[in-house]
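Using the sequences and the accompanying hints, generate a full structural model.
For the sequence shown, counting from 1, position 95 maps to 95 in our numbering; every step adds exactly one.
Any given hint might turn out to be false.
Quick list of in silico lysine-lysine cross-link-like pairs, DSSO-like style, CA-CA up to 30 Å [stated by the list, open to error]: (1) Lys178 <-> Lys155; (2) Lys27 <-> Lys10; (3) Lys78 <-> Lys10; (4) Lys101 <-> Lys120; (5) Lys27 <-> Lys78; (6) Lys101 <-> Lys178; (7) Lys155 <-> Lys74; (8) Lys27 <-> Lys155.
Computed beta-carbon distance windows for the label pairs [to be verified]: (9) Thr168 <-> Phe135: 19 to 29 Å; (10) Gln26 <-> Glu123: 36 to 46 Å; (11) Phe135 <-> Ser165: 16 to 26 Å; (12) Ser34 <-> Pro126: 40 to 50 Å; (13) Pro79 <-> Gly15: 25 to 35 Å; (14) Phe135 <-> Asp163: 14 to 24 Å; (15) Leu134 <-> Pro79: 19 to 29 Å; (16) Glu115 <-> Ala52: 15 to 25 Å; (17) Lys74 <-> Arg112: 13 to 23 Å.
These are computed hints drawn from the structure, not numbers from a lab. Virtual Cβ for every residue (Gly too), placed ideally from N, Cα, C.
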Amino acid sequence: MSSSKSYIRKFAVAGGFYPRDPSLLQKELERSFSLGYGEHTGSSEQLPIVGAIVPHAGYTYSGSVASYSYGFLKSRIKPRSIIIVGPNHTGYGTPVSVWPKGAWETPLGALRVDEEISEKLMETFPDFDQSSHLFEHSIEVQLPFIQFIYGMDVKIVPICVLDQSLQTSIVLGDAIAKAVSGRP
1 MSSSKSYIRK
11 FAVAGGFYPR
21 DPSLLQKELE
31 RSFSLGYGEH
41 TGSSEQLPIV
51 GAIVPHAGYT
61 YSGSVASYSY
71 GFLKSRIKPR
81 SIIIVGPNHT
91 GYGTPVSVWP
101 KGAWETPLGA
111 LRVDEEISEK
121 LMETFPDFDQ
131 SSHLFEHSIE
141 VQLPFIQFIY
151 GMDVKIVPIC
161 VLDQSLQTSI
171 VLGDAIAKAV
181 SGRP
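Next comes the structure, spelled out in structure tokens:
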């Protein structure tokens, strides 16, 4: 990695996928959580939480569904770090790109990257390429939800995936399991 690279990822899709103005974004998040899809019920309440699949469209279209997932997570866990695996829609960059350090900004503020987990993941996926992340929305749209329910203290590990083959998914899953092994 070149020392000239900036490791602060500025928001790129605010004003399109979600409001750019912090107060309007806060209201949109509140609206998303107020719509809800009912109570979180079922036998899954007894299982440990290891992840969630959350939509990554504009908040108008998917905000209430995303809030349902995040509401469930909030009711069950208070993580120190959240690993966000997002598909690469742009086609730029490497097959799997882990953001190594720094922070990601949203209109609500910046979330720090968990450098310890990122470093472990980069043992398997060493090819960081900013172009994988700079204009991709799938990870960025998750961040205001995370900030809304967990505040600014939680860290993130952004992973942008261009190669979504079964083999790459298995290798990535194994690398994530290894990177977080032994962490509460």
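Against the structure, the hints:
1. Under the criterion of a C-alpha separation no larger than 30 Å, the hint pairing Lys178 with Lys155 is consistent with the structure, at around 18 Å.
2. At most 30 Å may separate the alpha-carbon atoms for a hinted pair to count; Lys27 and Lys10 meet this at roughly 21 Å.
3. For the proposed pair Lys78 and Lys10, the alpha carbon gap of about 26 Å is at most 30 Å, so the pair holds.
4. Using a Cα cut-off of 30 Å, the hinted pair Lys101 and Lys120 holds, with the two alpha carbons roughly 12 Å apart.
5. Between Lys27 and Lys78, the direct Cα distance comes to roughly 23 Å. Compliance with the 30 Å bound is thereby established for this hinted pair.
6. Pair hint Lys101 plus Lys178 holds up; C-alpha atoms about 19 Å apart against a cutoff of 30 Å.
7. About 15 Å separates the Cα atoms of Lys155 and Lys74, which keeps this hinted pair within 30 Å; it holds.
8. Of the supplied pair hints, the one linking Lys27 and Lys155 holds, its CA atoms being roughly 23 Å apart against a limit of 30 Å.
9. Checking the proposed 19 to 29 Å range against Thr168 and Phe135 shows it holds: the Cβ atoms sit about 21 Å from each other.
10. Taking the beta carbon of each, Gln26 and Glu123 are about 38 Å apart, inside 36 to 46 Å as hinted.
11. For the pair Phe135 and Ser165, the beta carbons lie near 23 Å from each other, so the given range of 16 to 26 Å is met.
12. At roughly 43 Å, the beta-carbon separation of Ser34 and Pro126 lies within the given 40 to 50 Å, and the hint holds.
13. A hinted range of 25 to 35 Å for the beta carbons of Pro79 and Gly15 is consistent with their spacing of about 29 Å.
14. At roughly 18 Å, the beta-carbon separation of Phe135 and Asp163 lies within the given 14 to 24 Å, and the hint holds.
15. Range check, Leu134 to Pro79: Cβ separation about 26 Å, and the 19 to 29 Å hint holds.
16. Our hint of 15 to 25 Å for Glu115 and Ala52 holds, since their Cβ atoms are close to 23 Å apart.
17. Between Lys74 and Arg112 the C-beta distance comes to about 20 Å, which sits within the given range of 13 to 23 Å.
The earlier numbered hints are all upheld by this structure, with none contradicted.
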